[in-house]
Structure formats: structure tokens, C-alpha cells
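Colleague: Protein chains in written order, with this note's numbering: chain A, 1 to 184; chain B, 1001 to 1205.
Bear in mind the hints are in silico, worked out from the structure with no lab data behind them.
Positions of the beta carbon are idealized from the N, C-alpha and C atoms, including for glycine.
Careful, some of the hints might be misleading.
[Stated by the list, open to error] Restricting the straight-line Cα-Cα distance to at most 27 Å, the calculated cross-link-like pairs of lysine-lysine (DSSO-like) are: (1) Lys1188/B to Lys140/A; (2) Lys1180/B to Lys161/A; (3) Lys179/A to Lys1180/B; (4) Lys110/A to Lys1173/B; (5) Lys1190/B to Lys140/A; (6) Lys1160/B to Lys1180/B; (7) Lys161/A to Lys60/A; (8) Lys1173/B to Lys1053/B; (9) Lys179/A to Lys85/A; (10) Lys179/A to Lys140/A; (11) Lys1193/B to Lys161/A; (12) Lys115/A to Lys85/A; (13) Lys1180/B to Lys181/A; (14) Lys1180/B to Lys107/A; (15) Lys1053/B to Lys1075/B; (16) Lys97/A to Lys115/A; (17) Lys60/A to Lys1193/B; (18) Lys1160/B to Lys1134/B; (19) Lys161/A to Lys119/A; (20) Lys115/A to Lys125/A; (21) Lys1191/B to Lys60/A; (22) Lys1039/B to Lys1161/B; (23) Lys1191/B to Lys140/A; (24) Lys1039/B to Lys110/A.
[Unchecked claim] Anything over 12 Å on all C-beta distances counts as not near chain B; from chain A, calculated: (25) Glu75; (26) Tyr92; (27) Met95; (28) Lys97; (29) Pro99; (30) Met101; (31) Gln102; (32) Glu105; (33) Asp116; (34) Ala122; (35) Lys125; (36) Pro131; (37) Ile136; (38) Thr171; (39) Pro172.
Here is what each chain is made of, one letter per residue.
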Amino acid sequence: MAELNTGGGGGDGKKVRSKKSNPGVDLTAMVDLAFLLITFFMLTTTLSKPQSMPLAMPDKDVEKPKPEDITAIPEDRMMTILIGKDNRILWYMGMLKTPRMQPTEAKFGKEGVRKDIIKNTAYAKQHKTKPDDGLIVNIKASDAASYRNLVDILDEMAINKVQLYAIGDITPEEITLLKDKGLY
Amino acid sequence: MTAMCDVAFLLLSFFVMTATAKQPEPKPVDTPASTVIDKLPEEGVATITVGDKQVFFTIPRASRRGTLERISSTKGVAFTEGEYKAFEGMEGFGVPLNQLKGLLALSPAKRNDPKLQIGIPYDSVNDQLTDWVKQAREAHKAIYDEKLTTGEITVEEFGKKGDLGIAIKGDAKEDFMTVKRIIDILQKQKKNKFFLITGLRNEDF
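All chains, please: the whole structure from these sequences, using the hints.
Modeller: What follows is the structure, encoded as C-alpha cells:
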């Protein structure tokens, strides 16, 4: 393959031809090697830094906050998401005892909880007191939930641009509710 | 052909220059995917890796020595100069404090043996993770305190970078409760903001 043509050898003596110079070197093998190395380095490098999801948790103050610092959360805008076992979700609007919307089961993904969040955002917007008020979501994961569920639901918050969300601790009543629905 | 060769070598040199070999991790985990495309800050972030209920801790290189010095003085464990050097060169680790000397004595290749490191204890009886995080934060802060006094960085920059960032790299199948326990440990130290390391996916799931 790699040959250097240096013109005809010997000659039959008739004419002394000047040697044809042919500077073209066959590069195929070299390029092959170069591309092989490129492939190798492309696959082994970690060019992109890892993706990360910033998460801010509410401050767990040791002292009880002063009563005047507590802002009441409007029930019409509050959605609580409970994460049970087998990637199943239960959500309700308002308070657990007097829900504005009854606890409803949902699945993860765009056909599941995302539609509910969009629907509830629209509902919350109807009850807004200030123009930029939106949905408030309280995420409560049970012992049966996995870390993937948490990231998935936080991702839904990011996708749907939920105004305010927090991760809370699940209450015994809510665990009972999950048990009744067979999600725990 | 010449042009192709040129391009190939140009690319090759680019990749060689930018390459940072993948660091072997003592606990490889499969992170969950998310659509958030924020990048993890390049420096000043310690990573807590969680998998199979075991916890591993990776301290940024600059703060490693200071962290071990602080652990050494608070826990009353003395380390030799060689052990400090070994600790600085070690990427992540996950052993109880009493096994740390043994781990440091091993060669780097042997440290990543799958069964060797059993994770840092983080239960309420023996909560060493709290100590590690606390000392790492203090070591990180000491470095930036010094930079602030020498005038290398402004007060504004100090406010942004002075506190060590914490990233949680959890396995997707990990129980939520394990991760919650880590979050609680961080919150006890008034560390309310952190990063969750995730993979990438599109919104269509």
C-alpha cells in the first residue's frame, strides 16, 4: 500500500529521462491510526462535568419561629404529593382532612403526574391573590420510595416551573392514607 | 488526504490536551436522570456518594490535608507525613476512621477493591460522616479565609465560595430514607443547599 514511486528503474537505454518525482506519500495508515486514537480519547475523556440539580431545603430552625413570621399557605394553591411504593404517587390539594381535591393516584411521567400538576397549576392560578402567585407543592416521600422517585418528582417541579416547592416529612395520617390505598 | 490527516491530528491533539482520565471510584453508582442541565461547579465541591446504604466521601484536593489534620486533632488519631500524602492522593474513600490507616497503607489500585471499603458510618450512634463533612467545611473555609486576608479574593467572592459545596451522588435504586438521613445530617450543620448529581434525559418520559 505504502509505496514511493521513484520512477522507472533501469530504462532501455534509448533516452535518459529525468526521474519523475512523485512526492505523494500514502497517508492511509497514518490517518487510520490518528482516527483510532481520536476515538479512544473521545470515549475515555469525561468532557462534560456531571449534571447537577441544585436543591435548597427549608431551614430547620431549632427555635420555633415567631408567630408573626409564619405565613399561612393558601389551601387552594397547595398541592401535596405523597410518594409510595412501586413508583406510585398520591396527591391531593389543600389540607388532608378537608381536601380541596380528593387524594388521587398518579404515575410518574408526562402522562401521569405532569398532567395533574399542569391542571393544578391552572386551578391555583384561579385562586391567586397576587399576579405572580402559583402552585405550591409539598413533596413527602414515604419509607417505601426510592431516591429515583425523589429526583423524578423534583424534575417534574423543574419541568413545570412550579413556583414554590419543598420536601417535607410525611405524617402518620398520610402513611395511613397510603396504606389504605395500597401504596405503602 | 493531507487535509484529512491534518484535521485528524488536530482533533487528536485537542483530545489529548483536554483529556482527564476517568478517576476510578470506590463506589460506582448509577445516578438517576433529570432534565436539569445545570453543571456542577468545578471546584470547591465535596461529593457524598450513596449506594447500597454505604456512604463514601470525596473531598476537593485542596482541602484534603486540612481536613485530615482537623480529624486527627479532634479524634486523637495521629497520622504520619506519608499517610497525609496518601490521603491527599486518594480520590474518594469510605471506611470507618479506625480502618483509615489500613486503607492509606494500601496501594491506590488495591483501594478500589469492591469489598474493601464498607462505607463511612452515619447512624446516630456512630456518626462519622458528620465529622468528616464538618471538618472538610472548616478546612475549606480556612483556605478561603487566608485568601481573603491576603487580598487574593474579595469579600463578595468569599461569600460565594467560602462555604464548601456539597453534592449528593446517589444510586437511583437507593432508598429515599438513606438519602434523607444524609440530608438530615447536612441540615443539622445548617447546610441547607446542596446539589444532587444526576444524569441527563429529555422531557419525554
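Colleague: Does each hint fit the structure? Answer for all of them.
Modeller: The hints, checked one at a time:
1. Lys1188/B to Lys140/A: Cα-Cα ~19 Å, so holds.
2. Lys1180/B to Lys161/A: holds (24 Å)
3. Lys179/A to Lys1180/B: holds (21 Å)
4. Lys110/A to Lys1173/B: holds (21 Å)
5. Lys1190/B to Lys140/A: Holds. Lys1190/B to Lys140/A sits at ~21 Å (cutoff 27 Å).
6. Lys1160/B to Lys1180/B: holds (26 Å)
7. Lys161/A to Lys60/A: holds (25 Å)
8. Lys1173/B to Lys1053/B: Status holds; Cα separation ~10 Å.
9. Lys179/A to Lys85/A: Holds, at roughly 10 Å.
10. Lys179/A to Lys140/A: This hinted pair holds, its Cα atoms lying about 15 Å apart.
11. Lys1193/B to Lys161/A: holds (19 Å)
12. Lys115/A to Lys85/A: holds (21 Å)
13. Lys1180/B to Lys181/A: holds (24 Å)
14. Lys1180/B to Lys107/A: holds (22 Å)
15. Lys1053/B to Lys1075/B: holds (25 Å)
16. Lys97/A to Lys115/A: holds (24 Å)
17. Lys60/A to Lys1193/B: holds (12 Å)
18. Lys1160/B to Lys1134/B: holds (18 Å)
19. Lys161/A to Lys119/A: Holds, at about 13 Å.
20. Lys115/A to Lys125/A: Status holds; Cα separation ~15 Å.
21. Lys1191/B to Lys60/A: holds (10 Å)
22. Lys1039/B to Lys1161/B: Roughly 16 Å between the alpha carbons, so the hint for Lys1039/B and Lys1161/B holds.
23. Lys1191/B to Lys140/A: Status holds; Cα separation ~20 Å.
24. Lys1039/B to Lys110/A: holds (24 Å)
25. Glu75: Fine: 26 Å to the nearest Cβ keeps Glu75/A off the interface.
26. Tyr92: Holds, since 20 Å exceeds 12 Å.
27. Met95: holds (24 Å)
28. Lys97: holds (25 Å)
29. Pro99: Holds: least Cβ distance 24 Å, greater than 12 Å.
30. Met101: holds (25 Å)
31. Gln102: holds (25 Å)
32. Glu105: Non-interface label on Glu105/A holds, nearest chain B Cβ at 18 Å vs cutoff 12 Å.
33. Asp116: holds (16 Å)
34. Ala122: Consistent with the label, Ala122/A stays out of reach of chain B, its closest Cβ about 19 Å off (over 12 Å).
35. Lys125: holds (21 Å)
36. Pro131: Per Cβ check, Pro131/A is outside 12 Å of chain B; nearest 27 Å; holds.
37. Ile136: Answer for Ile136/A: holds, closest chain B Cβ roughly 18 Å.
38. Thr171: holds (15 Å)
39. Pro172: holds (16 Å)
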